[in-house]
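J.: The task is simple: from the sequences and hints, build the whole structure.
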Amino acid sequence: MARNGTPHPQPLQIHRLPQSKYIDALRWLPPISPFDRHVVLAAFNSDSDASSVEIHSINSKNPSETLTHHFSWTSPHRISSLKVSQTPQKPVIAASSFSGSFHVLFADSLDATIDSEVSLPENALHAGPISGIDLNESGSECVTVGMDGRVNVVSVGGSGVSYRKVFDSNGLASYTATKWASPAEFATGGPGLGVQWWDQRKCGGPAAQFKGNWAQKTSGIVHSIDIHPSRKHTCLAGGSSGSVFAWDLRWQQQPIILSGVGMGETPAQSLSESEVWEVQYDTFTRAANLASISSTRVLPAMICSEDGILAVVEQGEEAIEFLAEPCAINSFDIDKQNPSDVICSLEWESIAVLSRA
Amino acid sequence: MPALPSHAGDTSLVLLPPEAPDSAAVIPFHHGVKPPISPRFSISWSRGNSLRVSVFKQSPQSDAVTSTSSNETDGGRVVELKLGSAGDGGGGEIDDAAQWRRIAYGSVAPFALLQSRKNSMSALSRMSSSSSYDAQWWAYVLEYSREINSLLGYRRLPPGPAIEDPRTVLKRVEEPTCLKAAWELMEVFYADKQSQAWLPERLVDWLADFDSLFSGTQPTIHSKLLDFQEELVTLQAVEDDPRYWEAISSALAVGWLDIAVKLLRLHGSYQLNQLGNRETENGLVEAVAVLISKMPRMRSKSAAGNLGECFKSKPDFIKALEKWRAQITKLDCSAFWLQCGHHQTMEGLKSILQIMLGNASTLSASTCHWLELYIAHFIYIRPFTAGLESMYTLAQKCLQVKPVSRPHKLMKLFTGILGENTEVVLAECSKMIAHAVELLTAGSTQADIVLHEERDNLGGISIEELHRLVYAQFLSSHALTWQIAPIYLTSCIKQGMGLLEILLSKQPVHHNQVLLKNLEICRLYELERVSSNIMKVSYEWLEYITGSMVRKDLESSGFSKLGMNFQWEGLIELLGSDSRIAGGLEFLHKYRDFKRSLQQVHDGTATDAAQRAAEALISLMKNPSTPHRFWLPLLYDSLKLFNWQECPLLNVPQTNLLLNKLQELSMVRLRPDFIEADLPLQALSSVRLALATNLGRAILDH
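Residue numbers (the working numbering), protein chains in the order written: chain A, 1 to 357; chain B, 1 to 702.
If you're looking for bench data, these hints aren't it; they were derived computationally from the structure.
Just so it is clear, CB atoms sit at the ideal spot from N, CA and C, and this is done for glycine as well.
One or more of the hints may lead you astray.
[Claimed, not checked] Here chain B is said to cover these stretches of chain A; the calculated rule only asks that three of the stretch's residues, wherever they fall, bring their Cβ under 8 Å from a Cβ of chain B:
# : stretch
1 : 17 to 29
2 : 272 to 280
3 : 324 to 335
[What the hints assert, rightly or not] Over 12 Å on every C-beta distance to chain A, these chain B residues come out as not near it, computed from the model:
#  : residue
4  : Asp96
5  : Thr168
6  : Cys310
7  : Ile502
8  : Leu519
9  : Asp603
10 : Asn651
11 : Ala698
[Unchecked claim] Derived SDA-like pairs (lysine to any residue); straight-line CA-CA distance at most 20 Å:
#  : chain 1 : residue 1 : chain 2 : residue 2
12 : B       : Lys517    : A       : Ser46
13 : B       : Lys517    : A       : Ser270
14 : B       : Lys517    : B       : Glu501
15 : B       : Lys224    : B       : Glu175
16 : A       : Lys211    : B       : Arg596
17 : B       : Lys494    : B       : Glu175
18 : B       : Lys517    : A       : Leu299
19 : B       : Lys517    : A       : Phe44
20 : B       : Lys517    : A       : Phe98
21 : B       : Lys294    : B       : Val261
22 : B       : Lys409    : B       : Lys431
23 : B       : Lys517    : A       : Glu347
T.: So, in C-alpha cells, the structure goes:
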C-alpha cells in the first residue's frame, strides 16, 4: 500500500466506536444547537439481515462514549446512498437502496426523531439499483442516477414526492455518482472515469462531458463527486486506482490530477492505489483564507479509500493523512457547521469520530 | 446435527441410529409454496450454520393453463434454515456473534505484525545469533499476546452503586470470560518469559481473576465468599459464626490477602463499646491482620491496593520469609492466647496461623477444588517452581486430594499445559486456536516441533497450518468477516493460496462495490489469475451493464455517433485483457477494436484506418462467440468499408466469408429464438449489394 502522505501534524482526537453493524453510509445532521449533535447512520445488521436508518447523538464533550441511539427507521432494502439537507429546523434525509427504492425521511431535530416518510418503490425511478443521489441544500430536490443510465430529479414537497426523468440513455451510458452545482445544474460521474455536466434547461443529454480515456494505463469508475458552492465550475471526482481529479468546465480538455496511479505523463502523488469511495472539499483546512486562493487552484479535498486512508489532498502540496486503517474506510462526512469534525465508517463494523484542533 | 431423511425407505443416505431418536431435532419451516409440491427437495449447506432447502412445485401438466393464468409464476422457493442458536449462553462463554466478529477484526493487525516480525527475525538470525535477538523476540511475542488478550475482554456489567458498602468484601468486577482466562494462562506459561521467576504469583493472580468461572461446575472459594457476603448483613456478631472464620481461612489460603484482612477487621472486638473488655482479643486479631498484610511475596510489583511486601530477588525473599515465619511461630506460642476469652476467635486465629505456616491439612480443608489447593501450595509450602515436571507432579497430588468428576475445560487446559500435552492445550482454546498456536510455538520447543511437523494424515500440512485454514474457513463463512480470511490463508505455505483462490472466486458479486473490493484483495495478493476469473464470473454481472450497452449500441445502429460509447469501452478495460477467460469477453474486446477503427474512418478518410476496421470486422465475424443476432448490425455498420472509394478493402476469400455468413443468417433467422435487430428494412439487401460490389472489385483487382 502506498503511504505517501505525511501524518497529520496538528493535535487530532480520534475515537473509534464499534457498532456491531455494518455502516453503509453516514452523515452529520445539521445541529440545532452547538451541544446537540446528531449523526444519521445507514446500518445493516448481518445477523438479522435488516437495514435501518438510525439517528444517534454524539456527546461533543466526550465522544469516546458510545453513540446514544435516538431513533431508527427500518428500511426494506440495503441503503446505497444517503444524503441530508442543510436545514437545521426540519432536516430532510434522502436514502436510496440497492434494490432501487427511494426514501425521503422528514426528521425533527428537536427530539431527533423521524416524523414521516415517503417512498418510491423499486423500478419506479431506476431499473436495478440506484447508485448515487444528491439532495440540494434546502432538501426540495434530489437527483438520482443509476447503472441503468437514467437520470431523475425527485421533487420533495410537504405532501409527498414527484419525479421527472431528465435523461435515459437506455443503458448506453451509466452513472454512479452525482452532485448538485446550482438549482438547475448538476454533475454526474460513471464508468470510464467520466464526468458529465447537466443543465436542466438543456434537454436531450449532458451539457458537457469529460471522457476518462486520458487515463490510458488504467480505467475505472467515479465513485463520488463534490462541487464547492463558491467554485461551481469545478467538479471534484474520486474513483478507481486512487484517482482524485478536478474537472474545470473552463478547461474541459485536461483534468487537474490531485492523486492517482499511472495517470498522464507525470504521475501525481499517489495516496492510495485502490478505490477512492468518497471525496469532499475540506472546508476546515483553509476556511479562513479561502478568498486568497486563486480561482484556478483546486481547493483542498478530503478523501477516503478502500485501503484505509482518510486524508486531505491539495494541489501541489503533500497530502495530510488522518487515518491509515487496516480496513477500508467506506464513507465519511465533514460537519458543515463545524468543519473541524469528521465522522467516517470503517469496514470492520465501526465508525470513527475525528476532531481537528 | 443428524439429517432427517425427507421420506423413509431405502433411499435415505444417512440412517439414524434407532437407539438415539431423541437426538434428532425436528425443525419446522415455512416455505410458502402452494401444493402440489414436488417430492424432490434440494438441501445444501449455506453460510455458517445454515441449511439451504429448495422446495419445488410439482411441474404443471394438466393444470398448466390455470397456473399461468394465476399470478403465481415461481416454480418453488429456497429457504434458509438456521441450525441451533449460537452458544449455550452462561458459563463465561462468548455467545454474541458481533463480539466474535469484533475479536476477529481486532486480531488481524497483531497477527499480521507478528508474522512480518517473525519473517524479518528469521532472516536476521540466519546472519547472526545474539542474545539481544531472543530478548527482542520475547518482547514481540508478549506484545502480541497482550494485544489479543485486550480484545477478549470482559462482559460489561451495569455500573454498581457509587458509594461502596463497607461490608462488601468481594469487589464488584466485570464478569470474566473463559476465553480470556485460557488466553491469560497461556500467556503466563508461554509468552511472558521475563516473569518466569514469579510464575507462582502470576498463577495466584490468575485464580483471583477467574475463580468465579469454576462456580458453575463446582463449589469455589469465590462462590463461598459471595454467599457469606449476603449473610453478612444479617449477622450481629460475626465472630460467633464458624462460616466467618472459614471465609477468612479460604480467602487467605488462595492469597486474597486484602479480603482476609478486610473480613478480620469486621471482628466484633473492633467496635468502640467492646474495646474496653476485649482488649487482648482485639490485639490478637490485629496482630494476625498485620502479619497477613506483611506477608513477603516474590513478585516484581504489586497491583495497587494489594497487600504483602514484594521482593524481586530470591535471597531477599527467603530472608524475609524466614523472619515472617519466625514472627508467626512467636505469636503462636505467645501467652496472650490464654487471656483470650472468646473461644471461636482463638480457634479461628490459630487455624489462620496454621495456614500461614503452610499446614497441608488446614490448606486442604480451606480450599474447595484442586486448583485452589494447588495455588495454596505455591503460596505457603513451595514458593518456588522447579520446572514443569515437578509442577505437574504437584498438580497430580492435589488432584488426588480433591478429585473432580467432570473437570472444567480450564482445568483440562491447566493440566494440558503442565503435562506438555499440546493437543489438549489446543483443544481448549476454542476459536482463538489459530492465534494461540503462535504462543505455543514461541513458548515451548516441544510444541513447536509437534505443530510444525508436516503430517501425511493432514494431507502434508502441519497442525499450525491446519488451524489457520480452519480459522480462515470460519471467517469466510460470514459475509462481513470473509475479507479477513486472506490474511490467514496467505500465511499458510502449502494450501493457503489455493484456498484463497477458491474463496475469492466463490464470493457473490451483487453490487459493483463488492466486486471492486474483491479485485482489491486480488491486487494486494498479486492474484492476477483469480482476478481475471472473478471478472469471468462477473461477466454475467457485466452482461447487465456492458452487454446491454453493446447490444443496444449494435441494435440501434448509429446511436454511437452520440459519442456515448466511451463508457462501455472503459468497462471492457476494467475487465482486463486476458481474452482466454471468456468467449463473451473476447467478443467485447474485438468489438471495441472494430468500433475504434470505424470511428476513425467516420472522422476522416484514411485508408489504413479503414483497412484496420475491415480486419477487425473479419476477425469478429470469424469468432464463434459473436452472437448471430449481431451479424447483420455489424455488417450494416460497415457499409462504408465495403464501398470504399480508393480500393476494395476485402479480398475475395474475405468477401466470400461474409457472403456465407449472410447466407447462414437467413437460415438462423428461421429459428424461433432469433431476435431481429432494430434495423431499416432494406439493411439486408443493401449489405448484400455492397458485398457483391466489393466482390466484383476484388476479383478485378486480383
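J.: Taking the hints in turn, state whether each one holds.
T.: Taking the hints in turn, this is what the structure says about them:
Figure legend: the stretch 17 to 29 of chain A, annotated as covered by chain B; annotation consistent (4 residues with Cβ-Cβ distances under 8 Å, at least 3 required). Only when three residues or more bring their CB closer than 8 Å to a CB of chain B does the claim for the stretch 272 to 280 of chain A stand; here the count is 3, and the claim holds. Look at the stretch 324 to 335 of chain A against chain B: 3 of its residues bring a Cβ nearer than 8 Å to a Cβ of that chain, three or more, so the hint holds. Consistency note on Asp96 (chain B): stated as away from chain A, yet its beta-carbon is not over 12 Å from all of that chain's, at 8 Å minimum.
With a minimum CB-CB distance of about 27 Å to chain A, Thr168 (chain B) clears the 12 Å threshold, and the non-interface call stands. Distance to chain A confirms Cys310 (chain B) as a non-interface residue, since its nearest Cβ pair spans about 34 Å, more than 12 Å. With a cut of 12 Å on Cβ distances, Ile502 (chain B) stays outside the contact zone with chain A, its closest approach being about 22 Å. A beta-carbon of chain A comes within 12 Å of the beta-carbon of Leu519 (chain B); the shortest separation is about 9 Å.
Once the 12 Å rule is applied to beta carbons, Asp603 (chain B) is consistent with being away from chain A; the minimum gap is 15 Å. Non-interface status of Asn651 (chain B) relative to chain A is upheld: no Cβ of that chain comes within 12 Å, the nearest being about 33 Å off. Residue-level check passed: Ala698 (chain B) sits 35 Å from the nearest beta carbon of chain A, beyond 12 Å. Taken as a hint, the Lys517 (chain B) and Ser46 (chain A) pair is honoured in the structure, with Cα atoms around 18 Å apart against an allowance of 20 Å.
With a CA separation close to 19 Å, the supplied pair Lys517 (chain B) and Ser270 (chain A) stays within the 20 Å bound. The straight-line distance between the Cα atoms of Lys517 (chain B) and Glu501 (chain B) is roughly 15 Å, inside the 20 Å bound, and the hint therefore holds. For the hint pairing Lys224 (chain B) with Glu175 (chain B), the CA-to-CA distance comes to about 17 Å; that is within 20 Å, so the pair holds. A threshold of 20 Å between alpha carbons decides the hint, and for Lys211 (chain A) with Arg596 (chain B) the separation of about 15 Å falls inside it, so the pair holds.
Proposed proximity of Lys494 (chain B) and Glu175 (chain B) is contradicted: the alpha carbons are some 41 Å apart, above 20 Å. For the hint pairing Lys517 (chain B) with Leu299 (chain A), the CA-to-CA distance comes to about 29 Å; that exceeds 20 Å, so the pair is violated. Straight-line distance between C-alpha atoms of Lys517 (chain B) and Phe44 (chain A) comes to about 18 Å, which keeps the hinted pair within the 20 Å bound. A hinted pair counts as satisfied when its Cα atoms are at most 20 Å apart, and Lys517 (chain B) with Phe98 (chain A) qualifies at roughly 16 Å.
Restraint check for Lys294 (chain B) and Val261 (chain B): satisfied, since their Cα atoms lie roughly 11 Å apart, inside the 20 Å limit. About 14 Å separates the Cα atoms of Lys409 (chain B) and Lys431 (chain B), which keeps this hinted pair within 20 Å; it holds. About 11 Å separates the Cα atoms of Lys517 (chain B) and Glu347 (chain A), which keeps this hinted pair within 20 Å; it holds.
Violated hints for the displayed structure, listed by number in ascending order: 4, 8, 17, 18.
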